[in-house]
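Numbering (the working numbering), first residue to last: 6 to 45.
One or more hints might be untrue.
[Unchecked claim] No more than 25 Å apart at the CA atoms, straight line, and that leaves these computed lysine to any residue pairs for SDA-like:
#1 Lys19 / Thr30
#2 Lys23 / Ser8
#3 Lys25 / Val14
#4 Lys25 / Ala11
#5 Lys23 / Thr9
#6 Lys25 / Met6
#7 Lys19 / Leu31
#8 Lys25 / Ala12
#9 Lys19 / Met6
#10 Lys19 / Thr34
#11 Lys23 / Tyr33
#12 Lys23 / Val10
[Unchecked claim] Computed Cβ-Cβ distance ranges for the label pairs, DEER-style:
#13 Thr9 / Ile29: 26 to 34 Å
#14 Met6 / Thr34: 39 to 47 Å
#15 Thr34 / Val14: 29 to 37 Å
#16 Ser27 / Phe7: 26 to 34 Å
#17 Phe7 / Gln28: 27 to 35 Å
#18 Ala12 / Ile32: 24 to 32 Å
#19 Tyr33 / Met13: 41 to 49 Å
#20 Tyr33 / Met6: 40 to 48 Å
#21 Met6 / Thr26: 26 to 34 Å
#22 Ala11 / Leu31: 36 to 44 Å
#23 Gln28 / Ser8: 28 to 36 Å
#24 Val10 / Leu31: 37 to 45 Å
#25 Val10 / Thr30: 40 to 48 Å
If you are wondering where the hints come from, they were derived from the structure by calculation, not from laboratory data. Nothing here was measured: the structure is a model prediction, and the numbers come from that model. Just so it is clear, CB atoms sit at the ideal spot from N, CA and C, and this is done for glycine as well.
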Amino acid sequence: MFSTVAAMVTALGKTLLKAKTSQITLIYTQGGHDANSRYW
Numbered sequence: 006m007f008s009t010v011a012a013m014v015t016a017l018g019k020t021l022l023k024a025k026t027s028q029i030t031l032i033y034t035q036g037g038h039d040a041n042s043r044y045w
């Protein structure tokens, strides 16, 4: 039981991390140089 939960949490973490990374990439590609002033 515990290993199943751990595996699910790990998978979820990886998915969230991947989504966050692609979101940041998307922001930079869409915004170009403007991204710095808009998002930070």
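Hint by hint, here is what the structure shows:
Between Lys19 and Thr30 the CA atoms are separated by roughly 16 Å; this keeps the pair inside 25 Å, and the hint holds. Restraint check for Lys23 and Ser8: the C-alpha separation of about 22 Å stays at or below 25 Å, so the hint holds. Distance check on the hinted pair: Lys25 and Val14 sit about 16 Å apart at the alpha-carbon level, within 25 Å; holds. A hinted pair counts as satisfied when its Cα atoms are at most 25 Å apart, and Lys25 with Ala11 qualifies at roughly 21 Å.
Of the pairs offered as hints, the one joining Lys23 and Thr9 holds, with about 21 Å between alpha carbons and a cut-off of 25 Å not exceeded. Between Lys25 and Met6, the direct Cα distance comes to roughly 29 Å. Violation of the 25 Å bound is thereby established for this hinted pair. Of the pairs offered as hints, the one joining Lys19 and Leu31 holds, with about 18 Å between alpha carbons and a cut-off of 25 Å not exceeded. Straight-line distance between C-alpha atoms of Lys25 and Ala12 comes to about 20 Å, which keeps the hinted pair within the 25 Å bound.
Restraint check for Lys19 and Met6: the C-alpha separation of about 20 Å stays at or below 25 Å, so the hint holds. With a C-alpha separation of about 22 Å, the suggested pairing of Lys19 with Thr34 holds against the 25 Å cut-off. As the CA atoms of Lys23 and Tyr33 are separated by approximately 16 Å, the hinted pair is consistent with the 25 Å bound. Distance restraint check for Lys23 and Val10: the Cα-Cα separation of roughly 20 Å lies within the 25 Å cut-off, and the hinted pair is therefore satisfied.
A C-beta distance of roughly 31 Å is found between Thr9 and Ile29, which places it inside the suggested range of 26 to 34 Å. Remark: the range hint 39 to 47 Å for Met6 to Thr34 is upheld by a beta-carbon distance near 42 Å. Between Thr34 and Val14, the C-beta spacing of about 30 Å keeps the proposed range 29 to 37 Å intact. In this structure, Ser27 and Phe7 meet the distance hint of 26 to 34 Å, their C-beta atoms being roughly 31 Å apart.
As the Cβ distance of Phe7 to Gln28 is approximately 31 Å, the hint placing it in 27 to 35 Å holds. Judged by the Cβ atoms, the range 24 to 32 Å given for Ala12 and Ile32 holds: they are separated by roughly 31 Å. Distance hint check for Tyr33 and Met13: the Cβ-Cβ separation is about 31 Å, which falls outside the suggested range of 41 to 49 Å. For the pair Tyr33 and Met6, the beta carbons lie near 42 Å from each other, so the given range of 40 to 48 Å is met.
A C-beta distance of roughly 31 Å is found between Met6 and Thr26, which places it inside the suggested range of 26 to 34 Å. Separated by about 30 Å at the C-beta atoms, Ala11 and Leu31 break the suggested range of 36 to 44 Å. Separated by about 30 Å at the C-beta atoms, Gln28 and Ser8 satisfy the suggested range of 28 to 36 Å. Between Val10 and Leu31 the C-beta distance comes to about 31 Å, which lies outside the given range of 37 to 45 Å.
A hinted range of 40 to 48 Å for the beta carbons of Val10 and Thr30 is inconsistent with their spacing of about 31 Å.
The structure fails hints 6, 19, 22, 24 and 25 (numbered hints given earlier, in ascending order).
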